[in-house]
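Residue numbers (our numbering), protein chains in the order written: chain A, 3 to 328; chain B, 3 to 328; chain C, 3 to 328.
Treat each hint with caution, since some may be false.
In this list, chains with the same sequence are indistinguishable; a pair is considered to hold if it fits within one copy or across any two.
[Unchecked claim] Under the rule of at most 20 Å between Cα atoms (straight-line distance), these lysine to aspartate or glutamate pairs were calculated in the EDC-like manner:
1) K251 with E99
2) K269 with E213
3) K17 with E45
4) K79 with E38
Note that these hints are calculated values from the structure, not bench results.
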Amino acid sequence: MTGNKIQLDKNGNLKHFLTTEGLSKSLIHSIFEHAESFANVGERSVKKVPLLRGKTIANLFFEPSTRTRITFELAAKRLSADILNLNISTSATSKGESLSDTLHNLEAMHCDMFVVRHSNSGAAHYIATQVAPHISIINAGDGRHAHPTQAILDMFTIRRHKKSFENLRVAIVGDILNSRVARSEIHALSTLGVLEIRIIAPQTLIPKDVEKLGVQVFHNMDEGLSGVDVIMMLRLQNERMRGALLPSKHEYFQRYGLTKKRLEKAKPDVIVMHPGPINRGVEIASDVADGEHSVILQQVSHGIAVRMAVMAMIMGRRPKDSNEDS
Amino acid sequence: MTGNKIQLDKNGNLKHFLTTEGLSKSLIHSIFEHAESFANVGERSVKKVPLLRGKTIANLFFEPSTRTRITFELAAKRLSADILNLNISTSATSKGESLSDTLHNLEAMHCDMFVVRHSNSGAAHYIATQVAPHISIINAGDGRHAHPTQAILDMFTIRRHKKSFENLRVAIVGDILNSRVARSEIHALSTLGVLEIRIIAPQTLIPKDVEKLGVQVFHNMDEGLSGVDVIMMLRLQNERMRGALLPSKHEYFQRYGLTKKRLEKAKPDVIVMHPGPINRGVEIASDVADGEHSVILQQVSHGIAVRMAVMAMIMGRRPKDSNEDS
Amino acid sequence: MTGNKIQLDKNGNLKHFLTTEGLSKSLIHSIFEHAESFANVGERSVKKVPLLRGKTIANLFFEPSTRTRITFELAAKRLSADILNLNISTSATSKGESLSDTLHNLEAMHCDMFVVRHSNSGAAHYIATQVAPHISIINAGDGRHAHPTQAILDMFTIRRHKKSFENLRVAIVGDILNSRVARSEIHALSTLGVLEIRIIAPQTLIPKDVEKLGVQVFHNMDEGLSGVDVIMMLRLQNERMRGALLPSKHEYFQRYGLTKKRLEKAKPDVIVMHPGPINRGVEIASDVADGEHSVILQQVSHGIAVRMAVMAMIMGRRPKDSNEDS
Numbered sequence: 003m004t005g006n007k008i009q010l011d012k013n014g015n016l017k018h019f020l021t022t023e024g025l026s027k028s029l030i031h032s033i034f035e036h037a038e039s040f041a042n043v044g045e046r047s048v049k050k051v052p053l054l055r056g057k058t059i060a061n062l063f064f065e066p067s068t069r070t071r072i073t074f075e076l077a078a079k080r081l082s083a084d085i086l087n088l089n090i091s092t093s094a095t096s097k098g099e100s101l102s103d104t105l106h107n108l109e110a111m112h113c114d115m116f117v118v119r120h121s122n123s124g125a126a127h128y129i130a131t132q133v134a135p136h137i138s139i140i141n142a143g144d145g146r147h148a149h150p151t152q153a154i155l156d157m158f159t160i161r162r163h164k165k166s167f168e169n170l171r172v173a174i175v176g177d178i179l180n181s182r183v184a185r186s187e188i189h190a191l192s193t194l195g196v197l198e199i200r201i202i203a204p205q206t207l208i209p210k211d212v213e214k215l216g217v218q219v220f221h222n223m224d225e226g227l228s229g230v231d232v233i234m235m236l237r238l239q240n241e242r243m244r245g246a247l248l249p250s251k252h253e254y255f256q257r258y259g260l261t262k263k264r265l266e267k268a269k270p271d272v273i274v275m276h277p278g279p280i281n282r283g284v285e286i287a288s289d290v291a292d293g294e295h296s297v298i299l300q301q302v303s304h305g306i307a308v309r310m311a312v313m314a315m316i317m318g319r320r321p322k323d324s325n326e327d328s
Numbered sequence: 003m004t005g006n007k008i009q010l011d012k013n014g015n016l017k018h019f020l021t022t023e024g025l026s027k028s029l030i031h032s033i034f035e036h037a038e039s040f041a042n043v044g045e046r047s048v049k050k051v052p053l054l055r056g057k058t059i060a061n062l063f064f065e066p067s068t069r070t071r072i073t074f075e076l077a078a079k080r081l082s083a084d085i086l087n088l089n090i091s092t093s094a095t096s097k098g099e100s101l102s103d104t105l106h107n108l109e110a111m112h113c114d115m116f117v118v119r120h121s122n123s124g125a126a127h128y129i130a131t132q133v134a135p136h137i138s139i140i141n142a143g144d145g146r147h148a149h150p151t152q153a154i155l156d157m158f159t160i161r162r163h164k165k166s167f168e169n170l171r172v173a174i175v176g177d178i179l180n181s182r183v184a185r186s187e188i189h190a191l192s193t194l195g196v197l198e199i200r201i202i203a204p205q206t207l208i209p210k211d212v213e214k215l216g217v218q219v220f221h222n223m224d225e226g227l228s229g230v231d232v233i234m235m236l237r238l239q240n241e242r243m244r245g246a247l248l249p250s251k252h253e254y255f256q257r258y259g260l261t262k263k264r265l266e267k268a269k270p271d272v273i274v275m276h277p278g279p280i281n282r283g284v285e286i287a288s289d290v291a292d293g294e295h296s297v298i299l300q301q302v303s304h305g306i307a308v309r310m311a312v313m314a315m316i317m318g319r320r321p322k323d324s325n326e327d328s
Numbered sequence: 003m004t005g006n007k008i009q010l011d012k013n014g015n016l017k018h019f020l021t022t023e024g025l026s027k028s029l030i031h032s033i034f035e036h037a038e039s040f041a042n043v044g045e046r047s048v049k050k051v052p053l054l055r056g057k058t059i060a061n062l063f064f065e066p067s068t069r070t071r072i073t074f075e076l077a078a079k080r081l082s083a084d085i086l087n088l089n090i091s092t093s094a095t096s097k098g099e100s101l102s103d104t105l106h107n108l109e110a111m112h113c114d115m116f117v118v119r120h121s122n123s124g125a126a127h128y129i130a131t132q133v134a135p136h137i138s139i140i141n142a143g144d145g146r147h148a149h150p151t152q153a154i155l156d157m158f159t160i161r162r163h164k165k166s167f168e169n170l171r172v173a174i175v176g177d178i179l180n181s182r183v184a185r186s187e188i189h190a191l192s193t194l195g196v197l198e199i200r201i202i203a204p205q206t207l208i209p210k211d212v213e214k215l216g217v218q219v220f221h222n223m224d225e226g227l228s229g230v231d232v233i234m235m236l237r238l239q240n241e242r243m244r245g246a247l248l249p250s251k252h253e254y255f256q257r258y259g260l261t262k263k264r265l266e267k268a269k270p271d272v273i274v275m276h277p278g279p280i281n282r283g284v285e286i287a288s289d290v291a292d293g294e295h296s297v298i299l300q301q302v303s304h305g306i307a308v309r310m311a312v313m314a315m316i317m318g319r320r321p322k323d324s325n326e327d328s
């Protein structure tokens with residue numbers, strides 16, 4: 003993957019945001035710092051800073067995702083940018099226009115940034131290689147490949163609860179094979195230097211050669227959760243499971259669902275995470291999702307702050323430039 | 003209905019806006035006063051006040067209604083709020099997420115207000131009981147139950163034409179049974195102390211025990227309209243009429259359509275109202291809809307002012323705080 | 003056509019923008035001047051001027067066109083107006099409301115301008131005759147009739163490349179019969195006084211009596227392109243071609259596709275234009291679309307500036323009024 007070469011400019015600053023693979027520890031910490039300064043914007047009376055006033059950001063969604071679209075739309079609006087929502091599948095391309103022509107047209111309209119969601123792995127990378135130099139790309143999820151803002155907001159959430167990453171044992175549970183979130187999390191956790199990354203899943207949902215990523219594989223939930231500081235649950239995405247030899251939802255929950263009883267295997271101060279939307283009773287029990295260890299809704303709040311941070315950094319703006327006048 | 007207990011905070015101020023039932027006369031008059039100050043905003047060169055700048059309002063429409071969506075969107079924009087449009091039926095819930103989880107996610111994104119439209123009676127109330135304390139709900143129509151902003155804008159329109167409510171005879175004509183508008187209007191008219199509320203409809207379109215609401219029932223249009231000051235026509239909603247033993251549209255118009263001739267039964271200065279969209283030639287003749295007694299388009303204008311008023315009051319802002327700088 | 007009488011007020015200023023037919027040379031040049039001042043807004047750091055702050059513009063799209071909708075949405079946002087997007091086909095009219103009632107409702111909400119796209123020729127004119135005096139209409143394409151902002155942005159693009167219009171030979175190539183763009187271009191080119199307007203198409207795609215518009219008709223591409231300064235390609239719109247006796251796409255390209263070889267017939271400094279979206283390999287070869295003579299993407303950029311100019315002129319605002327404070 004050449005993502006990291008593309009996403010940094012020659013000074014090592016973010017030009018695009020495509021993947022967590024190869025992203026340096028210092029850059030991730032820089033995103034954290036920016037996000038900290040935005041985290042309180044959502045709690046202020048006026049939830050808006052004028053940092054990106056007069057910028058045009060386009061949500062280019064080639065596969066629909068209302069939830070993800072909204073988080074980027076809100077981040078853009080709270081930075082005072084203008085935002086266009088384009089559902090590409092139902093738009094110009096239906097008139098037979100090529101993707102490349104659609105992109106160049108949006109460039110010519112002086113858009114500054116495309117937030118790209120696509121069902122094909124590598125789509126955001128490809129688009130980043132096609133666009134004019136003044137355009138930046140944020141990958142909002144591409145196939146099974148990456149979902150970097152989700153991974154960074156997860157790291158940001160861990161950081162707010164745990165002093166440091168160095169001593170953490172982290173378990174990722176569920177459909178690793180099909181999960182762009184898992185892939186992006188594993189890269190980020192590695193870079194941040196956690197003590198141990200465990201993945202817990204049935205054999206059919208684990209990618210080949212996954213040990214090369216520096217993770218430990220568990221098929222037994224109780225063993226995998228033993229002594230962990232962080233549990234990152236994955237959504238069981240029925241729509242991506244075609245062909246996987248998967249037992250019933252009920253049986254899946256019996257073997258890999260996170261219950262209160264299983265949670266006891268982990269450290270007493272374990273935090274439970276999930277990228278949403280959650281399937282209650284499939285991968286996670288309701289009382290765990292809503293319980294004291296859950297930080298799931300904090301992840302959502304942090305998602306806005308982290309997306310604001312990435313947008314502002316790419317545009318070369320620092321939060322300290324901001325004030326409430328616009 | 004416990005709507006009124008939910009919608010007021012302990013100081014008696016609007017926290018949500020769910021129903022006109024139980025709303026005090028003084029609170030309704032307070033909305034009128036706020037709306038008066040917004041009514042001229044639409045006629046100014048700069049149709050915008052910065053009252054809700056930096057607030058986030060989400061239109062949560064579980065049933066589609068472009069017209070209603072637009073009135074709330076415009077009200078929010080003219081108050082300088084950021085607004086998100088979510089068509090929930092085609093969104094996250096299709097991934098199996100529960101309503102409650104969708105709501106909590108939007109809360110975690112630091113939304114301030116949900117404008118809720120739903121085909122189920124009681125949906126807005128239910129949502130108001132589910133959300134976090136920092137979220138306010140406006141009911142934009144729930145099933146057959148209530149449409150309180152419509153009722154208040156109707157009252158506001160009456161008030162602009164008639165000196166006071168005390169001496170008014172008001173007739174509501176049409177499908178009372180299925181109308182959330184009628185229900186909300188009856189409660190508001192009662193509270194404002196009009197002399198007489200008449201409902202005029204065929205027996206099949208009148209709810210049981212309607213007399214308990216303090217209304218007089220008429221099946222004959224000419225009798226019901228005799229001497230009234232205000233006529234509030236209802237839309238004949240074919241989509242809600244399944245099973246009602248209704249004559250043909252033509253026959254309905256013959257018996258309950260508002261014509262110029264029938265209008266002569268009312269007071270000479272009668273005003274004719276309709277919540278729209280109107281069915282010309284079904285419940286109202288075109289020359290009446292467009293005639294000198296019609297205030298139908300004024301209702302639309304007042305709808306923006308009243309929605310701005312309710313939004314601002316819920317957020318604890320008074321129009322006098324506003325100025326044209328933003 | 004009485005378009006021009008409707009679109010000018012009694013002082014000769016733009017009230018609506020419906021057609022290029024009958025538009026005076028001085029008015030077109032006035033649009034050019036306004037557009038020049040907006041052309042650099044898209045290249046500024048803050049791509050926004052406060053000229054139309056507090057105005058409400060509604061995109062009324064009776065036929066879908068994401069590309070055109072976006073250009074008007076961006077123009078409105080960069081002028082700081084509030085914009086509503088209404089897809090009318092799926093909205094109020096489905097409840098049986100008449101077009102006229104929909105329009106009057108939007109008027110009552112104090113909208114200032116409707117951008118109208120409709121599949122029926124004359125729709126924008128008709129709407130302009132129906133609306134209240136405070137509403138202005140911009141025609142964003144009506145059936146086979148007109149697409150005036152496209153034509154003016156094309157003229158603006160020609161003007162930026164050629165010193166003057168007087169000595170220009172211009173060829174319009176393709177489906178003249180079904181093209182609102184061609185019709186609007188021919189009127190504008192005539193008014194601006196070009197030396198020669200040629201249309202190049204198979205007989206079946208040429209309107210009857212087209213010579214009355216002052217154009218020369220060519221069926222042979224090489225002859226038609228000989229010595230021209232400007233080539234305006236049209237999109238082959240399959241969706242409008244029902245019944246036209248057209249050869250296959252391949253054969254069409256053989257006879258009327260613009261290739262590098264054919265381009266040699268034109269002047270050495272010829273510019274190649276296309277309103278987009280382009281059909282590569284149908285009406286234009288890829289290497290021509292992307293080649294040194296192509297100004298196709300400049301047209302897109304100019305489209306924003308010209309639409310900002312028309313919106314601002316209709317609202318009676320001059321760019322010099324603008325500054326970056328809002």
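The hints, checked one at a time:
1. K251 with E99: between (41 Å within a copy, 15 Å between copies)
2. K269 with E213: neither (24 Å within a copy, 64 Å between copies)
3. K17 with E45: between (29 Å within a copy, 19 Å between copies)
4. K79 with E38: Cα proximity of K79 and E38: one copy only (18 Å, versus 29 Å across).
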